[in-house]
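S.K.: If you want the building blocks of each chain, they are given just below.
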Amino acid sequence: MLSMRLYMLQRITAVAMAPLVLGHLLVMIYAVQGGLSTAEILGRTKGSFFWFLFYGTFVLAASIHGAIGLRTIVSEWAGLKGVALNCFGWLTYVGLFVLGARAVWAVTFA
Amino acid sequence: MTEQTIKAIIERGPNPMGARTQFDVPAYDNQTVLDVVSWVQQNVDPTLSYRFACRVGMCGSCAMMVNGVPRWTCRTHISKVLVGNEVTIAPLRNLPVVKDLVVDMDAFFDKWIAAEGLHHGALTREDPIAKVDPTSSARVASDAGVECINCAVCYAACDTVSTNQEYLGPAALQRAWTLLNDTKDNGREKILDAVTGAGGCQNCHSMGSCTAYCPNELDPMSAIAGLKRESAKSFFRKGR
Amino acid sequence: MRVSEIERHDTDILILGTGGAGLFAALHAKQTAPEATKITIAVKGLIGKCGCTRMVQGGYNVALGGGDTVERHFMDTINGGKWLPNQDMAWRLCEQAVVRIRELENEVGCFFDRNADGSLHQKAFAGQTADRTVHKGDLTGIEIINRLMEKVLASGVEKLQEHRAVGLIPTKDGAALAGVLMIDMRTGAFRFVRAKTVLMATGGGPTMYKYHTPSGDKTMDGLAMALRAGLKLRDMEMVQFHPTGLLAGDHTRMTGTVLEEGLRGAGGQLVNHAGQRFMFDYDANGERATRDIVSRGIYAEMRKNNNPDQEGVFISMSHLGPENVRQKFKGMVKRCADSGFDLAAGKVEVVPTAHYFMGGVVVDVDTRTAMEGLYVAGEDAGGAHGSNRLGGNGVANSTVYGGIAGDTMGVDVKKHVYFRDPDNDVLAAELERAVYPLGQKPDLIMPLRRKLQDCMWDNVGVMRTEAGMKQGLGGIAEVSTELMTIGVDGSNLAFNLTWHDWLNLRSLCDISEVITKAGLARQNSRGAHYREDFPEPGAMEDSEFTVAQMQNGNVAVMREPVEFTIVKPGETVLPADAPETLVATQ
Amino acid sequence: MGGDFRMKASKSIKARAHPLWLAYALHRLSGLGLALFLPLHFWVLALAVTNPGQLDRFLQLTDAGIVKLAEFGLVFLLAVHFFGGLRLIALEWLPWTAPQKSLAAGAAAVSFMVATLFLLKAI
Ligand SMILES: Cc1cc2nc3c(=O)[nH]c(=O)nc-3n(C[C@H](O)[C@H](O)[C@H](O)COP(=O)(O)OP(=O)(O)OC[C@H]3O[C@@H](n4cnc5c(N)ncnc54)[C@H](O)[C@@H]3O)c2cc1C
Ligand code: HEM
Ligand code: SF4
Ligand code: F3S
Ligand code: FES
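Residue numbers (this note's numbering), protein chains in the order written: chain L, 3 to 112; chain S, 170 to 409; chain U, 173 to 758; chain F, 1101 to 1223.
Take these hints with a grain of salt, some might be off.
Claimed, not checked - Chain L is faced by these chain S residues, among others (derived, beta-carbon under 10 Å): (1) A196; (2) D328; (3) S331; (4) T332; (5) Q334; (6) G366; (7) A367; (8) C370; (9) Q371; (10) H374; (11) F405.
Said to hold, decoys possible - Pairs of lysine-lysine, DSS-like flavour, derived with a Cα cap of 25 Å: (12) S:K353 to U:K202; (13) S:K359 to S:K402; (14) S:K359 to U:K202; (15) S:K249 to U:K519; (16) U:K502 to U:K295.
Keep in mind that the hints were calculated from the coordinates and are not lab data. Small disclaimer: the values here were computed from a predicted structure and weren't measured. The beta-carbon is built from N, C-alpha and C at its ideal position, and this holds for glycine as well.
Could you build all of it, start to finish, from the sequences and the hints given here?
M.R.: So this is what it looks like as structure tokens:
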């Protein structure tokens, strides 16, 4: 059910996310000390082009990667096929991306 | 010989005829799962259907689910699978049942061919036999999977096969890998196309059940990984 | 079941069996026949997964130079067959094997073992004067059949799998073959397949012996059909026994399966129940003597012991160092272990086991039979091996002659524009024969098969006498008659194995009788046929072969002189200065 | 119907009790978990613009034990999926036929360590 192109896309996004995940994990381990607050998060990210790129890439890659992954699961475990399957994939991708993009925008330049 | 008996529970497919029947089979010192099934057919239920040919692990005709695990029944000593004195035998998973313990293996072989699992030669019977260094890495890689007896045990063990109709399955893909490494084979492009098509190697999730249960201790999982590697390389080169 | 209920099917070329002979025939027919020719391959099991070619362990004999020549291979074959082979067939076998092995490597894609320098590795089986046997480890047959099977599956030939041939149906005048009656085993339906040319490659298979090596689907169906169709069968007394079959009790299908020849070659010792080595009592080569001699040695030892609880003898390898054995015979050790025996450190009980059938249908060197439209190749055909088949000549024979059959049929099929019409009486009779047990009261069949197997083993086995064989004939007749009173539950004919057990036993009974009668007719000892009452081989120049045929409902056995078309006894086709053997003595 | 139950039984497979299959299952479930959590995570963060107060209230919740545990779960999922995924890509793309089982076990162990570290820090 998985085409070679989707397969490659899933692996490439995974590889791209690898350093981002590491970074994110470190930040979180550092950040959660003493509790989180809106101000704290925003203080770090607001207006930062770096964090915009960091989380922007992350969101893009994760939404592609996750959508492909969910598509596989849905096809294997729910038997979705053909057009329905592809629609599911795209919808998931767009949904994840839009939500993610909103979040990134919110914590950086909004 | 002992006086003991084995409780053999045989699950017979396909559905309408399906039944779970228990048979008491006399236990012997040297007895395989196939012997247990044969005893039932020869002595108490002459209508029981199953398939075998070589009876020594060469033809790959006799695979069944034994206690939920796919096995070659002619080479599985009953003592290895008895739980208490009980064993459950069912038709091989992931293939349509013809009757009782007999499955239709056509899909398995169709996929073998669909994976370009056949030699693509350039030489003919007029040419001398090519020299091949038996220790070269390509030959070793190719050799590793060539002794597959197409028993479909791996095919039955793999969950991707059961949930993804198109998936070519471990044995067919492993065959493609042996060919890709065979220096005498000229079908590289064809093979790569075949193993990256709809049911191609990219569908494998490396569950490893194929490798874990292959009765010949072959390693289709690693062969498929090899195909993924070559496919990825060729994807980067050609963009497809 | 009436004739009108038989499903009809037409094809140009029909091939029965998918061993080396059947598969090669399909490939070659595809190559030689006109483009639009319809080729159908029908088989009792699954394509390539049944039959004995797949079980070939040791390998494939072919003279590929390095001192070895076709002439030398030919002389070994003639000497091994004790001057009984049809020399033209033997010659063609040796000559074409050279082409066939290149075809297997280059076109079919087989993966034979190599020497360090990259050339093919060849070894010598007993009875050979050169290192000639090409192999893939000790699983040569799997490699050959798997590669052939792939090619055939991809070739677009029509497949009739799990179709059992039950009768050759001639034309009304009996001169030609119209087609073959089959049972579609999966549904139990009958199907009459008309064909312009038919290859019978069902592979003999002496499974009427208590101990036997061939796969379960082989039960002499082809030869039984040929016999009924009135064809001549030659060398029918010639049953080859492999000396070391596994003995694990009569309740397991593993009993009889081969423990490979190489074990003895590597120094394996045979010991009896008293713990003594005995082979040197019988032959100066001890355990390394040829198959027939070792088989007789073991048999004699078993008879001497005459203890029903201590049936066989043992093969013992442990003195070679268990680790060493484990490494060198990995597959064999694992196989024994799977069945509960320790080959590496312990000892394994063995018996001689019926292995190969030299006898078969009389054919010409192009596989044609006396019946137009019928061709026979492989183990079903007689002549190439005479009284004994050399290890490694079996698979060479089936692949060589299978290919030849395909080529011949591919050409001959052009001559036949129309399908021939069957003799409906024969069709009805064959149908009647096949459904017969369905009308009888069901009972167990296996006890009867055991009875036949014991009878053949005891009376027409490794060592024979007139009295024994006569007793054997009586025993066979008893089983035969009793079989006709035993029925099969016919309520569901789909994959009804018990029905097929019955039909198998029917074929085995019919051919057992022929074997025994041919054995009685040969009053000397040649190759695989050993008469205790006539231990001498007789003069080679006066060699005769037996020919069995149905005459007025009875099996008649005649004798015909061997024609020495290429070489006469006492002579050789090798140059005068050729060494006796090229094999380095161990 | 008894019959139906019976055929179900025949389809049950017990051939999964080995490390590689468990690694596959863990990877899939963690991926699934992450993908399901992600929209929630995004929505919460987006509160930063739409409703900062609510985000704060939400973030305060992280001090509660239950939420801590959930977070631990998430980081655990990410760690598991991350190392499992790297293991997969290595297995597929790097020409090793390394002992896959130890690699799988290793990935699981490292995931645990990372997640535990996170938990400890959080407390
Ligand atoms: C264990 C073992 C080891 C051997 N090792 C060697 C070796 O090392 N070297 C060597 O040269 N030879 C060896 N031989 C002998 C060799 O295997 C045979 O000589 C040869 O393979 C016969 O080939 P075949 O094509 O004639 O028959 P097979 O390969 O036996 O094929 C017969 C085919 O006919 C089918 N068939 C049978 N009855 C019917 C029916 N009624 N209708 C339809 N189809 C039918 C069968 O299912 C099968 O597909 C060995 C044999 C055995 C049993
Ligand atoms: C660097 C981090 C990541 C890596 C290395 C990674 C790696 C992978 C790989 C290799 C697969 C393919 C598994 C297979 O085909 O069997 C996969 C599947 C998947 N990933 Fe990730 N992934 C990462 C992050 C994520 C994230 C952040 C999400 C959440 C959206 C996610 C969700 C999924 C899903 C849902 C699947 C499908 C699971 C399956 O098919 O079994 N992954 N991941
Ligand atoms: S790879 Fe192993 S399990 Fe799979 S078909 Fe081949 S021999 Fe059987
Ligand atoms: S079990 Fe199946 S998923 Fe891949 S590694 Fe083997 S083919
Ligand atoms: S019967 Fe041939 S592998 Fe079991």
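S.K.: Which numbered hints are broken by the structure, listed smallest first?
M.R.: 1
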